[in-house]
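**Student:** Kindly generate the complete structure, drawing on both the sequences and the hints.
Number of protein chains: 2
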Amino acid sequence: MSSSAAAKPVLYAMYASSCSWRVRIALNLKQIPYDIQSISLLKPVPDTVFSNTDEYRKVNPMQQVPALHIDGHTLCDSVAIMHYLDETRPSNPLLPHDALQRAKVREIVQIICSGIQPLQNAAVLTQIGKEKYLPWAQQWISRGFRGLEQVLASSAGKYSVGDAFTMADCCLVPQVFNARRYEVDLEPYPNIVRLERELSAVPAISAGHPLRQPDCPPELASK
Amino acid sequence: MSSSAAAKPVLYAMYASSCSWRVRIALNLKQIPYDIQSISLLKPVPDTVFSNTDEYRKVNPMQQVPALHIDGHTLCDSVAIMHYLDETRPSNPLLPHDALQRAKVREIVQIICSGIQPLQNAAVLTQIGKEKYLPWAQQWISRGFRGLEQVLASSAGKYSVGDAFTMADCCLVPQVFNARRYEVDLEPYPNIVRLERELSAVPAISAGHPLRQPDCPPELASK
Numbered sequence: 001m002s003s004s005a006a007a008k009p010v011l012y013a014m015y016a017s018s019c020s021w022r023v024r025i026a027l028n029l030k031q032i033p034y035d036i037q038s039i040s041l042l043k044p045v046p047d048t049v050f051s052n053t054d055e056y057r058k059v060n061p062m063q064q065v066p067a068l069h070i071d072g073h074t075l076c077d078s079v080a081i082m083h084y085l086d087e088t089r090p091s092n093p094l095l096p097h098d099a100l101q102r103a104k105v106r107e108i109v110q111i112i113c114s115g116i117q118p119l120q121n122a123a124v125l126t127q128i129g130k131e132k133y134l135p136w137a138q139q140w141i142s143r144g145f146r147g148l149e150q151v152l153a154s155s156a157g158k159y160s161v162g163d164a165f166t167m168a169d170c171c172l173v174p175q176v177f178n179a180r181r182y183e184v185d186l187e188p189y190p191n192i193v194r195l196e197r198e199l200s201a202v203p204a205i206s207a208g209h210p211l212r213q214p215d216c217p218p219e220l221a222s223k
Numbered sequence: 001m002s003s004s005a006a007a008k009p010v011l012y013a014m015y016a017s018s019c020s021w022r023v024r025i026a027l028n029l030k031q032i033p034y035d036i037q038s039i040s041l042l043k044p045v046p047d048t049v050f051s052n053t054d055e056y057r058k059v060n061p062m063q064q065v066p067a068l069h070i071d072g073h074t075l076c077d078s079v080a081i082m083h084y085l086d087e088t089r090p091s092n093p094l095l096p097h098d099a100l101q102r103a104k105v106r107e108i109v110q111i112i113c114s115g116i117q118p119l120q121n122a123a124v125l126t127q128i129g130k131e132k133y134l135p136w137a138q139q140w141i142s143r144g145f146r147g148l149e150q151v152l153a154s155s156a157g158k159y160s161v162g163d164a165f166t167m168a169d170c171c172l173v174p175q176v177f178n179a180r181r182y183e184v185d186l187e188p189y190p191n192i193v194r195l196e197r198e199l200s201a202v203p204a205i206s207a208g209h210p211l212r213q214p215d216c217p218p219e220l221a222s223k
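One line per chain: the protein sequences are A and B, in this order. Under the UniProt record's numbering, the first residue of the first sequence carries the number 1, and numbering increases by one thereafter. Under the UniProt record's numbering, the first residue of the second sequence carries the number 1, and numbering increases by one thereafter.
Don't take every hint at face value.
Pairs count within a copy or across copies, as identical chains cannot be separated in the list.
Unchecked claim - For lysine to any residue, the following SDA-like pairs were computed, each having C-alpha atoms within a straight-line distance of at most 20 Å:
(1) 58 / 142
(2) 58 / 143
(3) 8 / 100
(4) 158 / 190
(5) 43 / 143
(6) 30 / 86
(7) 58 / 149
(8) 43 / 63
(9) 58 / 146
(10) 58 / 100
(11) 58 / 153
(12) 58 / 154
(13) 58 / 191
(14) 8 / 99
(15) 58 / 101
(16) 58 / 155
(17) 58 / 188
(18) 43 / 122
The hints are simulated quantities; they were obtained by calculation from the structure and are not laboratory data.
**Tutor:** Here's what the structure looks like:
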């Protein structure tokens with residue numbers, strides 16, 4: 001293994017980014033030590049790199065978080081990164097063995113990562129504007145959660161798909177965090193709420209919580 | 001194999017849906033015969049099922065296309081379906097063997113499936129409204145294509161990642177089709193345009209073209 005491959009992975013992340021949290025959960029679950037390079041998505045913040053810089057464009061051409069420098073390479077996109085970690089570090093797997101179960105996990109992953117999160121991310125909400133962003137975010141999260149609730153009603157056991165932790169769980173908790181942030185009424189989604197409560201006790205998830213990240217503003221951070 | 005497992009797969013699809021086209025390409029590439037159940041996303045069309053029905057909600061809780069009934073089960077989401085097909089029908093693979101190359105394929109897949117398509121799908125554009133939908137679609141496609149172009153500049157060979165066809169290619173051509181539909185200026189993206197030209201000659205792609213689908217209105221259909 002080259003020295004670059006043996007170096008500690010570096011996660012380019014932002015505390016409030018749900019996509020960053022997904023990868024923090026996966027890294028924690030697999031007990032992979034990593035350093036954090038904090039990235040500011042929307043405006044310069046002390047001790048962070050602004051995402052809209054030529055420097056960061058070299059890291060991630062989409063100028064988004066997360067990106068992960070690992071094994072001498074920089075990988076982008078949370079779903080691609082979770083799969084890479086699972087394929088190269090198979091202990092504490094993020095996917096079941098059975099192909100149908102894997103398809104169910106990926107369906108949930110994509111409902112969240114393609115069907116919900118992109119429509120309520122910071123760049124889109126900025127575009128929608130101050131007066132309309134909240135009902136916009138609520139509408140799209142609620143629409144996605146209605147479908148997700150129906151999927152989980154038949155797929156979930158202790159976790160999102162059966163009783164084993166998967167990458168669906170890495171995605172679920174951060175999305176519920178966003179839902180609360182945008183004041184979505186969660187009452188119609190008992191399975192989502194039950195799973196979030198169960199999952200919040202998993203150390204890999206709680207250790208990656210946005211309010212426990214180095215770039216979280218002190219006035220917000222958990223004590 | 002049970003009779004339901006041996007039955008011909010049924011693809012729930014809409015001719016103009018880029019996500020449906022991704023799966024048509026994967027099925028064609030793997031030479032899996034299938035039947036089509038046409039779904040109308042926005043309004044009832046003769047000989048189709050309207051997606052906003054209780055009947056279709058039982059097929060896909062997200063009320064989106066595609067869904068695929070195969071091996072006695074109904075799978076939802078194009079990315080989950082492509083992975084399932086690749087894991088259960090490994091001939092003509094949709095992913096490389098190398099983990100880093102797989103991460104690159106999935107990065108491209110997610111740039112398109114999470115970073116671009118969700119922001120320009122029919123439901124979102126309807127919400128944005130008649131007067132603003134075109135610049136909205138153009139802005140988000142262009143933003144995504146700027147990042148995608150940079151990724152492809154280093155990843156592409158004959159196809160999106162090296163010289164072998166992958167699920168990145170299944171996603172690329174349908175997204176370029178959407179870009180043209182929304183009159184995006186493609187001049188700044190020579191790699192995207194070059195790959196689309198190369199890929200359009202692949203029979204699995206051309207056979208799945210929206211204008212060759214049974215629910216394509218006759219006045220639009222290719223002769």
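**Student:** Does each hint fit the structure? Answer for all of them.
**Tutor:** So, going through the hints one by one against the coordinates:
Taking the shortest alpha-carbon separations for residue 58 and residue 142, only the inter-copy value of 18 Å comes in at or below 20 Å, while the best intra-copy value is 35 Å. Taking the shortest alpha-carbon separations for residue 58 and residue 143, only the inter-copy value of 16 Å comes in at or below 20 Å, while the best intra-copy value is 35 Å. Proximity of residue 8 and residue 100 under a CA criterion of 20 Å is satisfied inter-copy only: 17 Å between copies versus 35 Å inside one chain copy. For the identical chains of this complex, residue 158 and residue 190 are intra-copy neighbours only, at 14 Å inside a copy versus 48 Å across copies, given an alpha-carbon limit of 20 Å.
Proximity of residue 43 and residue 143 under a CA criterion of 20 Å is satisfied inter-copy only: 18 Å between copies versus 30 Å inside one chain copy. Only within a single protomer do residue 30 and residue 86 lie at most 20 Å apart by alpha-carbon distance; the minimum there is 9 Å, versus 26 Å between protomers. In this homomeric assembly, residue 58 and residue 149 come within 20 Å of each other (Cα to Cα) only across copies, at 13 Å, whereas the closest approach inside a single copy is 38 Å. For the identical chains of this complex, residue 43 and residue 63 are intra-copy neighbours only, at 13 Å inside a copy versus 37 Å across copies, given an alpha-carbon limit of 20 Å.
Taking the shortest alpha-carbon separations for residue 58 and residue 146, only the inter-copy value of 13 Å comes in at or below 20 Å, while the best intra-copy value is 38 Å. In this homomeric assembly, residue 58 and residue 100 come within 20 Å of each other (Cα to Cα) only across copies, at 18 Å, whereas the closest approach inside a single copy is 37 Å. Taking identical chains as interchangeable, the C-alpha atoms of residue 58 and residue 153 lie at most 20 Å apart only when they sit on different chains, with a minimum of 12 Å there against 42 Å within one chain. When the C-alpha separation of residue 58 and residue 154 is checked against a cutoff of 20 Å, the pair qualifies only between copies, where the shortest distance is 12 Å, while the shortest distance within a copy is 43 Å.
Proximity of residue 58 to residue 191 under the C-alpha cut-off of 20 Å is restricted to the inter-copy arrangement: shortest distance 18 Å between copies versus 41 Å within a copy. Only between protomers do residue 8 and residue 99 lie at most 20 Å apart by alpha-carbon distance; the minimum there is 19 Å, versus 32 Å within a single protomer. Within a single copy, residue 58 and residue 101 get their C-alpha atoms only as close as 36 Å, which misses the 20 Å cut-off; across copies the closest is 18 Å, which meets it. In this assembly of identical chains, the alpha carbons of residue 58 and residue 155 lie at most 20 Å apart only when taken from different copies (14 Å versus 40 Å within one copy).
When the C-alpha separation of residue 58 and residue 188 is checked against a cutoff of 20 Å, the pair qualifies only between copies, where the shortest distance is 18 Å, while the shortest distance within a copy is 43 Å. Proximity of residue 43 and residue 122 under a CA criterion of 20 Å is satisfied intra-copy only: 11 Å inside one chain copy versus 31 Å between copies.
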